[in-house]
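Got chain X sorted already, so can you dock chain H onto it with the hints?
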Amino acid sequence: MPYVLRRCLLIVPTLLGVSFLGFALVNLAPGDPAEQFARRITDHPPTLVEIAEARERLGLNHSVPVQFVQWMDHAAHGNLGISYATRQPVSTELRRRIPKTLQLAVPASLLALLIALPLGSYSAVRRGHAADQVVRIGAMAGASMPSFWLALLLILLFSVRLGWLPVAGRGGLDTYILPTLTLALEPAAVLARFTRSTMLEALGEDYVRTAQAKGARQRRVVTRHALRNALIPVVTYFGSRLGYLITGAVVVESIFVWPGIGRLTVDAVAQRDYPMVQGVVVFAGLTFAVINLLVDISYRLVDPRIGVGRGVSR
Amino acid sequence: MRTIRRVTVFLIMALAAAACGGGGGSDNSSQASQATTTTAAAQIDTTKEMKVGFTEDQYIVEGPDANLGAYPLNTNVVETLIYMNEKYELEPRLAERWEFRAPNTWRFFIRKGVKFHDGQPLTSLAVKGMFDRLSKRSGGSTVKAGPDSAVIVDDYTIDFTPTVPNVRVPQQLVHPQNAVLAPGTDFTKKPVGTGPFKFVEYAPKERIVVERNNDYWGPTKAQAAKITFRFYPDSNARTLALQAGDIDVAYNVPRDDVATLKSKDFVISNSTVGAYRTMYVNIHGSAPYDILQDLNVRKAVAIGIDRAKYVSGVLNGLASTDQTWVPPNALGSAASLVKGFTYDLAKAKTMLDDAGWKVGANGIREKAGRQFKLTLVSGFPAADILRPTPTFIQSELKGLGIDVTIDERPDSASFQALVTDKKGDLFLEEGNQNDANPGFLPILLLYTGPGSSGGTYQGIEAPGAKFDGLIAPALTETDLAKVQTIVATALDEAITNNVSMIPLAGVFRSYGMKKTVKGFVPHPSFLNVNWITVGLTK
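Sequence lines, in order, name chains X and H. Under numbering that gives the first Met the number 0, the first residue of the first sequence carries the number 0, and numbering increases by one thereafter. Under numbering that gives the first Met the number 0, the first residue of the second sequence carries the number 0, and numbering increases by one thereafter.
If we strip away everything but chain X, and leave its shape as in the complex, we get:
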């Protein structure tokens, strides 16, 4: 069976596993979704009768395993259920939120790459020089800084002090700048460090020395010979970061009031909105599975010696 098809089929048990895990985790969290639901619609501490009605209405009067099996059955037919909180289909809510998260994740990923690859390569080429030190310290700071802290610093500077950009919310292009920057900086810093170290390794290889000995220009040696070979671990890391960005940057979306998947996840967990949590879990599982597959496939593009599913061929 072709490797790609095998990997695609593996997604099914993976999704089953993550769904079960998600269901178990939300059910382990203390709190009664029926009580939450009743309180939300009545605006007062619900009575036992109201809680019982809510439980019946939400289908929570079955045991957890039965609920899980029921959910699986519906999910297999493309029905992810109805959100306890909004009373809308989970799939509708996901469809509404995913594009908004992508609107941040895609530019943030590109920005991270645009920052990291040149800086990491330059730092490796200029190893030991002042520029290298600056890049290393900057990357260290960027990788260490919590995103919520960075977000607040950016808001204080660009929104409160300078008044150039809005604090939060989604609207015009200016509302994208701060959350994108916040999302991009940490992966950019880590990627730059990755790129630097893998470039240093590649620059010490025989084929690089051979290219230099043959009189190839330094730029060509770096970009065509060293960087290309240094990219595999970078691609692996980038793939995993992309997964996190697409499945919702929980903290950044919360701070910048961005109505994406991350914010949806936080709300769903807090409200004990089990169907929504399950929907997000399935989406996250699917995203990571697909990205992992794409990363594996991309290895071959980066290094043609690698046969997909067979490792490096000599």
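Hints are computed from structural coordinates only; laboratory data are not their basis.
Listed next, with one range per pair, are the computed distances between beta-carbon atoms: (1) Asn315/H with Gly162/X: 19 to 29 Å; (2) Thr259/H with Thr91/X: 35 to 45 Å; (3) Asn315/H with Arg126/X: 51 to 61 Å; (4) Leu161/X with Thr259/H: 14 to 24 Å; (5) Thr475/H with Ala51/X: 24 to 34 Å; (6) Leu161/X with Thr536/H: 18 to 28 Å.
All values reported here derive from a predicted model rather than from experimental measurement. Glycine is no exception: its CB is placed at the ideal position from the N, C-alpha and C atoms.
Leaving out everything else, chain H in the frame of chain X:
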């Protein structure tokens, strides 16, 4: 496997973020007076648009519970038959008057000459639609509406008969979820009401926009041409948005930000008490949560807490030391009947000594080999909103020789689970009163007599037969002033005599705004803010 691991990490991150979950408080210069509003109107530029920062978007946009534009953020697109003003008093709105017709019917006389935003006239038909909508909600909503409850008498008169005896219908109808919609419309996508503003657009979790209704039936039109309400669940983001000029008004300003905002020339407008902080006492607990079964011990704990210090030191003065639990205005002049507790540390110590709890070697009291340890559960609506109150209580009770363990719950669901299971001695929460029925919460949470609907709180704190007997007349009395007296007397029994709860403070609702905002009247209930008078200066 790698994928499962990553998704697990993602889920744990999400749970942790949810656990890191906003509060309110301001100035003594409440802008509530009508005179101020009138003066402000002269200074307002009616062509200007306003931006308002609200908390979280919690609109429901499906089914009979849908409430877009009405609750919890009331955008003034829709109106109720009766309005509750900032003093918890009833004012006629779409109903000009109402009367009780024994044994269980309320007759409403509908205002004439009112039109919905789509041009339809307001008649009894629309009001019947409202009651029919409520009948489809859980339990027929608070008013207890049934499918046959509303009967049209004529175009401008309608009778409403609840499914069970309910003499508090007018006080309950003030809630914006009970608003009247144009016939043939609903709350799911585009609410069509009679209010001073018309619905423009709604972007879930982002904003809701309304514009002035130039055909509004009232004597004055809205001052702002348009209002964009933006949702900021995070209180810091909301305050920063105000400072950055993104919004003109911010709901629920955190009390820690009040001094900063004032120093930067922003106006802080405080309502009267609209919320309360209280500790519900587990008086029916079993070991290890049974120490507070002793009434004298409960009283000692209650008088051992310095509320003046709490209000000034912890709540930055943005609260009152009222111990009525429900907002004092809801009880009217009867509020003074709830005596509460006077701080007396020496007397508290003596009472504990007399109860057999003697100070041990490590300063913690002991009785028959058992140390005096209490568990304080904090978490409604969320632990972060209530901080640092638990630490304050812990410190105060340590002075009495009581060792308090704090159990913080990130959200109301996990808090409620402990209430239901009675796992704790003291349950700290901040609640609020959003309708004008003074007996609503006491009956809902404490009453166990005939007609009680039951609830999780009764399990820990129901005071018992004497309280039930005192408050029962409120279930059948139609005169509001008499009800206020009945409820206040019963509350005095529950609080002062029985210590079923230990009220800590009455909390103000704080709104932050630019100096250019005029005509704002701070309402103690966030649900009932009246935006018609508010605008920006020329």
